[in-house]
Structure formats: structure tokens, C-alpha cells
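Input sequences plus hints: build the corresponding full structure.
Residue numbers (the working numbering), protein chains in the order written: chain A, 1 to 228; chain B, 1 to 323; chain C, 1 to 357; chain D, 1 to 249; chain E, 1 to 306.
By construction, these hints were calculated from the structure, which means they are not laboratory data.
Treat each hint with caution, since some may be false.
[To be verified] Lysine-lysine pairs mimicking BS3-like chemistry, simulated, CA-CA at most 30 Å apart:
1) C:LYS31 x B:LYS167
2) D:LYS168 x A:LYS205
3) C:LYS31 x C:LYS285
4) C:LYS354 x C:LYS31
5) C:LYS289 x B:LYS167
All of these numbers come straight from a predicted model, not from anything done at the bench.
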Amino acid sequence: MSLLELKGLETFYGASQALFGVTLDVREGEVVALMGRNGMGKTTTINSILGLVRPRSGAISFAGKTISGLRPHRIARLGLGLVPEGRRCFPNLTVMENLVATARGNEWTFEKVTALFPRLGERRDQYANTLSGGEQQMLAIGRALMTNPSLLILDEATEGLAPVIRQDIWSAIRTLKAAGQSILVVDKTLSELLPVADRCFVLEKGATVFEGAPLALTPELQDRYLGV
Amino acid sequence: MTRETTINLLLALLLLGAPILAASLGEPFYVTLATRIVVLALAAVGLNMALGLGGLLSFGHAAFFGLGGYVAGILATHAFNAEPLFAGIPATTSMPLIWVVAVAVAGLIALPIGAISLRTSGVYFIMITLAFAQMIYYFAISWPAYGGEDGLSLSMRNAFPGVNTAKPLPYFLICYAALMAALLLFRVVEGSRFGSALQAARQNGTRLAAVGIAPFNIRLVAFAVSAMITGFAGALYADLNRFVGPSMLSWHMSGELIVLIILGGKGRLFGPVAGAMIFVFFEYVLGGITERWQFFLGLILLGIVLFARGGLLGLLSGKPRHV
Amino acid sequence: EPVKIGVITTLSGGGAGLGIDMRDAFTLAIKQSGNKDVELVIEDDAQKPELAVQIAEKMIQGDKVDLMTGIIWSNLAMAVVPNTVAQDVIYLSPNAGPSALAGANCNANYFNVAYQNDNFHEAMGQYANKDYKNAFILAPNYPAGKDALTGFKRYYKGALAGEIYTQVGQTDYAAEIAQIRASGADTVYFFLPGGMGIAFMKQYAQSGVNIPVMGPGFSFSQDVLPAIGDAALGVKNSATWSKDLDNEANKKFVEAFKAEYKRLPSIYAAQSWDTANLILAALSKASVKDKDAFRAALKAADFQSVRGKFVFNNNNHPIQNIYVREVVKEADGVLTNKIIATAFEDHKDAYAEKCSM
Amino acid sequence: MSEPVLEIRDLRKSFGALKATDGVSLELHPGQIHALIGPNGAGKSTLIHQIAGSLRADSGTIRFLGQDIGGLDMAARARLGLARSFQISSLAQEFSALRNVMLAVQARHGSSFHFFRQVSNDKELTEPAMAMLERVDLAARAHVPAAELSHGERRQLEIAIALALSPKVFLFDEPMAGMGPEGSKRLTSFLDGLRHEAPMLLVEHDMDAVFALADRISVLVYGRIIASGTVDEIRSDPDVRRAYLGEAA
Amino acid sequence: MFTALLIEQLLNGLQLGVMLFLMAAGLTLIFGVMGLINLAHGSLYMIGAFACATVAAATGSFWIGLIASLAAAAGVGAIIEVAVIRRLYDRDHLDQVLATFALILILSEGARWLFGSFPLYLDIPPLLQGAVPLPGGGQYQLYRLAIIGVGIAVAIGLYLLISRTRLGMRIRAGESDREMIGALGVDIGTLYTVVFALGAALAGLAGALVGALQSVQVGMGEPVLILAFVVIVIGGIGSIKGALVGAVIVGVVDTMGRFLLPSLLALTMPASQATTIGAALASMLIYVVMALILAFRPSGLFSAQS
Ligand SMILES: Nc1ncnc2c1ncn2[C@@H]1O[C@H](COP(=O)(O)OP(=O)(O)OP(=O)(O)O)[C@@H](O)[C@H]1O
Ligand SMILES: Nc1ncnc2c1ncn2[C@@H]1O[C@H](COP(=O)(O)OP(=O)(O)OP(=O)(O)O)[C@@H](O)[C@H]1O
Ligand SMILES: [Mg+2]
Ligand SMILES: [Mg+2]
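Structure (C-alpha cells):
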């Protein structure tokens, strides 16, 4: 059964249309990759799921419940954890506070997060606005995990991270996947993303143009849709 | 022509036509009312330069308004009593001369105030400008030489060559011309290199510095120019009322100037004009209907903030501003 | 053609109480006179000088009023009166008498039906000589405050234990009260109008300092006494009028005001009542259109003042008695003033000599 | 070898107890792309901030074209010819892409204290600015406000602004971040061409790009340069592999 | 003799400072923490004083009045937040200035409509009348001591609330990025209503407590508002500690200025001139101090972020 399901999603920014019918689904325990060139609507899709922008038409359901039209905090509480594009850590909170402020449930704890990202432990009392870019990315992931989501959504999961850390994050994602965590992930590095993903969706000009297993995304298709 | 330009033109014509009509119908009071609108709008155009273009939310522009007013008042009083100002310098009742002095004084005082205040930003800037204005306000209240709290009455309007300023309509026309000149200046500066840099300083000072333009200098000049326009308006206001007092320097005045701008539409050319028109209009009309007018004025203002984003002009011209 | 009187007074904001008393007494006096030819144009100045100027302009140019009155505050009067009288419109002050309008700049079109600002303070200075030798005086740091203390010192002969100018709008007086306590004064004289006075009196009473306090009548007028409460009991204050002043006109006034508005009149109401009656009396003798005749009729002051005897001096300011009152509690628990002495008989202000009228 | 354009000696900067820059020395020579790599939080951006002037160094010298610029503020350094991009895009959000670039052209052209001439029809500004947008393939979006550009487009705009300054040195802080595979490829060849306009200090985590572009690489760890050399030297350095590259190399 | 007076004046300054803090506390919460410029804060203060005075007069109990003041201010605060403020969070400061300016007009004139134009009576409760002896022979009013106590308790309570509780973290997080905190599952809307009502209640409490010392009248909130802004800006926005320190600085500087400046000037000029000039300088003094502090520390003494 699908955990998350989008059908024919259309979203506007003011008068200009950004999404022209996005269709996508994530099944329980699955890692789904969302791909597309710059400006094709990946972030807009994610923002629509969380209610940060209101889709004009189309249906979104999560765990069998229609969620379009709900306010963002209601949607999030159903079990969606967001790692947003640009990290958006709370600059005036310390690392510790960033993690604790919105924590829910008890699977993930501060200790578990710092075990995953030791650097966050070292910086626990530092204000987030003084963290390096990579540290902020770790913090954003940790913060989302602390809400114990049934679906983790990562927008630009590894942007700005050093290669070693990136490997850490991918292995963390693999660990999460092994533990049965469902994940929707956007990332630019195909060589790292595709091996982790169970299925892929590709957006072009705000619409879903490909759906299938990573292997089905042949080099020709990659070139056509992603310009690799 | 965009819709906003059309509306601006209509406002300008309305503001000119109504008093001329009123004067020909023998209703001089409405001319005076229009003059009040024009002068307040001029003061707000000054503030709009700092606030609308530069994002400098000065909560102390009443200081410059009042300074301009006091320059006019003090010069006129000295001239009337035939006392020299100091060191034998004679005073004057000539409006153009008074304006020059008022503008210069406002600008000169704005420079140090700006230089100190611009070290801060955001809410701190709001408060430090307020602090300077309050200093001047308390000084004016307790300094006896020019009337203190009682203020200063001018026995007659100052003189403008070839114009009978005592009559409402000619004086209105002088003020109207001043307002139009200031609006032209605003429009030109807005589109100039300086205006570009100033607006960029509002949006992202770091970006401006990174291309090699020091935001501080840009902001300081804008602050001084803005103060000069507001000081000019102060001098006109003194002549309009034939009175200056510390209330021109009070924080209520600063607040009112800000309110005019937001009401009309921040950063828009005719924002202050539209704001002054509705504010004075409501003040006058409601004041005539009920003594609870402040209550209803509050409700109307609230309605405008909540439902007319971008002020009155934003509502009328229907689209957000982009450059 | 009816006579138009423009009334500019404070009807909104913090100081509205005084303006409302002023207006209520004025309209009541006109109503009771039965004179149907008087038309009132009443506007609110919100205690802002610029707004007052604007309204005056409108009344003169638009409404074409014959007479103007109503302003409560000195600074508003200073903004409005000079320009008004210069346009040959007669202005009658129901309150506020700044010194600048009483001396060299007096004007035939300006009549003060209330007092010259110094008067109340002069009276208390005079009265203080009776019992005290070492007074502590304080007032806000603005022209009216300075006039007040100057007025007090003009007649007071004893020593000064201290003289303080406080901040305009100040609400905490602990520091001043500490200085008073330490000064060794035998009396305190203060002039703190409006909320400042209420705050000072409350804090003074709470502080436990028991040096006797005196003030001008405004600070113990009927509009503020309830707010000060028992802290005001026994305080001596000066005024040209009191509710218990024994004359026919006053009895009639107090009764009428109480009956109409269900509250006791304040001194502002009394002065305003007098102003209205002065105008009515003059109207019965001359037409407002005949300026000279009308000014003469006003100057004659041929009316029944609630203050008893009332005459104009050469500078069109009153010559009148000034009384000392004491705050007492009446049987029904209401705080009010009772006259206990007369500080001055037929008092003239200090500026009249400089007036060339 | 030629005189270095930019020369940093023993630069230090601490935040409290943390030594973010701990005695860094570095030279940038004409025609060179010098890549600065290192783990997250190593102090790369902090170093860029100090060179550009948005942070003041605690000690050490920064010489640019032979002049000590340690005492100058950010704007003055930019005027001397230091152009930088930001790790997180920093634009005038309400201005269109074109006007963002025009601002840079105007800054290069000298004084901004011109109050009368209108910029909108000032060909001295619009034409060079448009040319820059064309170079980064953003001409089609010239009139879109920066706030409405997508993440990747904003990164391109940052580059265009830096170009418009025709600087003597480029300081780029992760220009590839947020660019898709296609974008990265294009940007890589674009930057490759830029080395002839001015030398470049390039902070980047995209190793494909770094290895393709860099003439020289310095590796920063905990505020210190632990290795510096050619691409091959760095690729095979065991310390660097452990601290930074992992298996990626 | 003079030393004793000096000490008493220092205490007065301290106490004025704490009183100012009490007024500023609610404002810091709303302004510093929620990032909202609330010009109507003074009106909430007035509402507290009016509610206390009215209820105390009706019931004869100051304490019931005090509870009424909390309830009235919190209630009005909650209504304002839901009806007006809520729509303004994502706007810039300017719209907030205009909206809350409009609220001042509405609330002041509304209060006059309801309660009339004359000041109301409110006195300190019998329990707190009288004075306590100070070491060294002086004495200090019990009620003012109680205000100091309440002020300090409020300071500590707020400090803990903001810096130590999850509620506080969420409020601060919401200030920097409302959208994000919502996306992480926090109902920031309701949270802010509660915070605004709490800030309003503190304003009401201050109004009631200080109302017993002052005149309870329309417009009483305005001078307080400006001073409260001065206080929190000196201290650094968003910092409770800063607000307390700022308040004490303002209180002491103002009191000592009023007390000492005239006497100091009297050393160099005639006494009559010294009193007026001294008073004039004293009234400008806190603004001078504020400008100086901001000139050297552009974001206050204890800004929340470095
Ligand atoms: N706030 C906004 N207002 C108007 N248009 C927007 C806004 N945000 C995005 N857009 C437009 O919507 C389209 C889709 O943008 P979106 O950010 O979803 O793309 P993306 O696939 O996430 O791109 P990237 O890989 O660059 O992050 C783009 O054309 C962009 O210009
Ligand atoms: N203002 C500050 N106060 C305290 N610490 C700071 C401050 N600015 C940066 N730091 C710390 O200094 C270190 C270096 O940060 P910097 O941003 O330079 O890293 P970086 O090398 O650019 O990392 P990344 O590749 O992740 O962007 C980090 O640990 C960061 O937390
Ligand atoms: Mg995106
Ligand atoms: Mg970095």
C-alpha cells in the first residue's frame, strides 16, 4: 500500500503555474528518488505535500488520509519529516535546541542523532547561524529525524557536503532504509542517489515524465531528462 | 501608461483642482485643508526616500520637520522684532531664504544623527532615531527662549516675492509646487544609480558591499536628503499654521508620517500623497461627525492594513511592485 | 440672523475630561438662557496645537463665527489666540491665561474670563506667609510650570527649602519626595497638572512624609478628586471659585449642573458658565456685528458671575477674589472643597501695567 | 614564477575557543585556479570571508596586487578587484536578475552618487549586464525578480554578478552547489574558461569539478592547510583521503 | 546626611527600574521574542489598570481587581492576536506599526467610551501599606518593595520560560522561520496566541500594580510605551536579562539625573538657572544614554545573538 500518493498535482505561485500534473507515490519502507533539472518543480512538489504552498488541484493522501488543504503542522504531525532546501536551521537556537524544540516520539533521541553525526555533539551549544554549511545540513537532517517521521523527505540531501560526510549521509540513509524508514529524496548526485533508491520519478516542466526502477533510467533517458 | 501612473495623475489633478474650485466658491477653509494635506505629504515624501527606497525606518523624522518649522519661526520672530540672530546676522522673512536655511539646518543635523544611527539596524535603528528626536523634543519643551512648550506664534506669514502669501490659495500653490518638485526629485532619484544602490542597500546590504559600494555612505546621504525634504516641509508647515511648537517634534508626529506612508503605499511615488489625503480627510470628516472620531479612524486604518496590502495605491493599482 | 460661537476644546484623548466639563457647562448656560439666536459650533482639538489652529481657521473662514472660546490649555491658546484676534475675531478664554497675552501683547479682541496663569500660585504664596517659613516648591519644566513658581515666589516671603523642576509627563515622584523629606521644609507647594498631580499626591500620601501640602485649585478640582481619594483630605488649595461660594448665581449654577449631568461641576465648568453668561449679557446690549459696541459690552462685564464680584482690568483680564479652599469629605462620602479663607480681595495680575490698553 | 596576485600569510581567526583559521598561508598566481577543499566546518568560508573583508582576521596579512588590504572594508576590497560569490545566495531579492547584474556594472563604473541619469535606459549599464546574463545562460530570465528564480538559477546569477565586476581575482564559495549534473558540467567548462580573465580561489565539494579544473589544491582541515599540491599529489595523499575524500577519489 | 539621601535615591532608581521592567516585560516577550512591534502595548497596560480600578471599586478588593486586570488584558490580547496580529506576522514591521497604531486609537477611545473621561481611583491594598525600616535609619515603602519582588519574579520566570523550556525554544524558532516550524509539526498559530495573551497579561499586571501609584486615565500607557521600548533596546532585543539590566540603567540614570544634575550645575551657575537647565538635561538624559549605548553596541548590551 502507498504511504504517500500524489495525483495530478497543479500548483501556482501567484499567477504563474509551477506544477502541471505531478503524480508520485511512496510505498511503506521504500526509498524514492525525485529528480529533474533545475527549476522543474521538485521543491514545489515537496512544498505542496507539506501544505507550504496550496496546490490548486490534484489529490494528496498520506497513510490513507487525504491531506491536501490541511495546515502544515497537521500534515507534519501525521508523520512527515522535512529536510528543506537551504537547510533552514533556526539561527537563534543552539544545535541542541534546534534538535529538541520540535522533537516528537521517542525512537530518535539526541544521543542517537549525535551518534549518527558526531560533529553535532561537539557543537551542541553553538548557535546554528555560526555553523558551517555542512554542519547545518546535518543539523537539518537530525532535526527531521527527531520528529520520528514515518516518511522522511530530503530536499537536496547532500548539497554542500564534503565527500566523506556525503558517504556518511548515504550510509545513514541506507541504515534508515534497512530499519524500514520510508524516504523521499531529492539529490543532484545521481551516482550516489540511484544505488540507494528503490524507485525514481523524474519531473520535467512541472509534470511527471518518468516513473520506474533506477535501472530503467537508462543513460539515454538520463541524458534526455537530466542532461547527464 | 501603467494604471499606477494614471492614478497618480488623477491624484495630482484632484489635489490641485479641488482647492481652486473651493476658492472660487468662497470656501477658503478647504484650501487651507488641502494645504495641510500637501505639506504633510511633502514631509512624508522626504521620509519615503529613507523609508520606502532605503528601508531606513526612521522614527525620528519629526525632529527634522520640527527643526524646519523652528527655523522658519525663529527667523520670522527675529525679523519681526528687528533683532539680529547672533553675531549681528540679520533675520529674514523671505520664504526662499528661510527654506534654504531650514533645508541646510535639517541636513546638517541629519548627518551626525545619521552617522551614529546607521551603525545600528532594524529595530535598533528605529529606536535610536527616536532617541535623538526625543532629545530635541525635550530640549524644545524646556528651553525658554523660543516659547518652550507654548511654542512660537508668527504674527504673519513670511513673504514670497510677488505672491500674497496671506491668502490661502496663493500659499497653497506655493506648497503644491514644492510638493510636485519633491515628487519629481523622488522619481528621478529612484531611477538613478544612487537610487539603485539605495534600494539594493535595503534589500541586501551585504550584496551591495560585495560589489564594491559601501552601503553606509549611500544610506547616510539618503538619510540627509530625506531629512532635508522633511525639514523643508516643516518650514512650510510653520507658515501654514503661523505657529510652531514642540508637538511638531513629538514622536506622535514621527509616527504620523510613517502612518501616512504605509497608508498610501510604501516606496510608491504618490504613496505619501494618497496617505495624507485619506488621513486628513478622515480626520476632518469623522471629527465633524462624532467626538469618538479617533475610534472610527482607528477602525478605518485597521481595515486598510488588513485588507489593502501595499496601502491604498497598492489596492488601486492592483499589482505588486517589481523593478 | 443667529450669533455663531465657535467652541474649540479638548473632547478626546487623555485631557478630555476638562474639555467636556467646559462644553457641558457652556451649552447648559445657553440652553437655560432660552436665547434661541445663539448657534454653537463645537470642535475637538484632541489637545494638539496644530489641529486647534486648523479648526480655528475653519471656524473663521468657513463657518464665519462671530466669537470664539473653549480652549483649555495654554499652549493651544498660544497657538490659536494671536492669529484669531489678529483677524478681528473676538476670543474669550474660559481657562488658561498665559502671561504672554496679558502684558505688552494684550489685545482688545482677547478677553480672559478665567484668570491669569500666575494668579492661583500668587494666592498660595500669599497664604503660605501665614503659617510657613520654609517652603519646598516644584513644577514641571515648561513655561506654565515656571510661571507657576514665579507667581508663588512673587508673594511668598519665607525661605525656600528647595525648588525642583520635574519632567513633563513624569509619573514617578519617589526621588522628589525623598528630597522633600530630606529638605527640612515646613510646607510643600506643587503645580503638577492632570495625571502628574494625581500621581504625586498619591505617592506623597503613601510615602508617609507628613509635611503639609498646598497646590493650585486645578490639582484638587472636582474632576480629579475622586481619583486622588482620601490622600487629598485636608490639602489647602487656591481658586477663584468653589462649589460652596455663597451667592445666588453660584447656587443656581451648581443645582442646574448637578440636575443636568448627575455630577458635581468643576472649576472649568464654572469658568465656562461665566463665559457663556458674559456673552449672553453682552449680546443683550449690543450686536456682535458692531465690534466696538460689542467689545465695550463685554468689557462692562455686566453679568451675574458665579464667582461673585467680577470686573475686567485694563488688559481684559479679571479682577477678582482668590480664595483658599480645603479638601473635605461630605456626609455622603464625596470629596469636595470648602472655602476657608480669602487670599486676595480684588486681585489684579502682575502684567496689566505693561498692557497699553 | 610570476608575482602572486593574492598572497596570504599566517592568517588567524578564532571564535571563542574555536580556531577557525589557524595560521593559513596561501598564494594565488595569475592564470591559476586554486581549489580549496576540506571537510565541512574546516574554515573554508571563514577564509573567504576574511579575504573578502566580511570578517576581520585576528592576525596575519592579506596582500592583494602587492597592497596590504587588511584594513579595508568589504566594499573597498571589491573595488580593488576582489569578486566573491556566496555559499548561500545573497541577492537583491526584489530586483530582476538584470538589475542585480547592473548594480555590479555600476559599481565597476565608479561613483554611485549620480542622482539624475536614469539607469533603465543607460546603455552603459544594461548592455554589459545583459551580456553577462547571456554568458551564464540566464538571459531568458533577465526580467524575473531574483526572489522568483529557482535555486539553481540563483547560483548562476551569483556568477554573472561576479563576472560583471571584471575583477582581478574571483573568490567562489561552492558555485556548483545546487546545480544539477547538467548544470555542473556546463559550469565546469565555463569556469575553465574564466581562468584567463582572472585567477580564481575556488571552494568546492564537487570533486569531479575540482579535479577537472584545479591547477593547485590546498586541503584545509580544522583551520590548517594539511596538504597543498597538484591534483595528482592530493588525490594520492593518504591523509587527504582519510580526512576528506573517502573512497570518492 | 547626604550619603543617606544618595543611598535612598539609588534605591529609588533601582525601584523605578524594576517598575519599568515590569512594564517592559510583556513587551520584550512580544517584541523581542515574536518580533512584533506592538505599539498597542501601552493600551493593554491601560486596560489592566482600568480593569483593576473598576473591579476593585466594585468589590472593595484590590486583589480581585488584580486578577481582573490579568484576565481583561489577556482576553483583549487574545482577541487582538486572533483578529489582527495573526494576519501580520508575514508582513514587514511597517504594517505592524500601522495596525497597532490603529489599535491605540481604538482602545484609548474605546476605554473613554466605556469608563468616561475622568481618571479613576485605585489605591494600594491595606496589606501592603506602610513602610519597612532600612538599615541606616531610612525606611522604604512596602508596596514598592513588593513591586520590586514581583518584577524580579517575572524576570526569572520569563527567563526560564524562554531559555529553558521547549515552549520558549519553539517561540524563538518561530520568530526566525515561522513556515519551517509549522512544517516540523508545531502549531505556531495557537502558540503565538498564547504568548501574545501572556505578554498582554503582563502589561495588564504592570498597569494594575503601577496604577495604584499613578493616575489611572486614558493615555496613561503612552509615555510608558516609549520608555519600555528604550529599556529593551538598551538591553538588547530578545534578552530578558538585557531588559532587566536596561530597565535598571534607565531607572537609576533618570533618578540620579533628576536628583544630581541641578545641584551639580549649581556649582557653576546661578541656582535658578541651574534648576531649569538641570531639569532640561535630566529629561534628555536617558535618550542620550541610549544613543551612546547603541552607538558603541549597535545591538544593545545583551543581544540574544552575537
Ligand atoms: N516563490 C516563488 N515564486 C514564484 N515562482 C517560483 C517561486 N519558487 C519557485 N518558483 C518557480 O517555480 C518553478 C519550479 O521551482 P522549484 O524550486 O520547485 O524547482 P526545483 O526543481 O526545486 O529546482 P532546483 O533544482 O533549482 O532547486 C521555477 O520555474 C521557479 O522559478
Ligand atoms: N560567527 C561564528 N561564531 C562561532 N563559530 C563560527 C562562526 N562562524 C563560523 N564558525 C565555526 O567555524 C568553523 C568554520 O566554519 P566555515 O563556515 O568556515 O566552514 P566551511 O569550511 O566553509 O564548511 P562548509 O564546507 O560546511 O561550508 C565551523 O566549525 C563553524 O561552526
Ligand atoms: Mg529545489
Ligand atoms: Mg562553507
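Status of each hint after checking the structure:
1. Between LYS31 (chain C) and LYS167 (chain B) the CA atoms are separated by roughly 37 Å; this puts the pair beyond 30 Å, and the hint is violated.
2. Note on LYS168 (chain D) and LYS205 (chain A): the hinted pairing is violated, with a Cα-Cα distance of about 39 Å set against a maximum of 30 Å.
3. The hinted pair formed by LYS31 (chain C) and LYS285 (chain C) meets the criterion: a straight-line CA distance of about 19 Å does not exceed 30 Å.
4. Restraint check: the Cα-Cα separation between LYS354 (chain C) and LYS31 (chain C) comes to about 38 Å, which exceeds 30 Å; the hinted pair is violated.
5. Between LYS289 (chain C) and LYS167 (chain B) the alpha-carbon distance is near 23 Å, which keeps this suggested pair within the 30 Å criterion.
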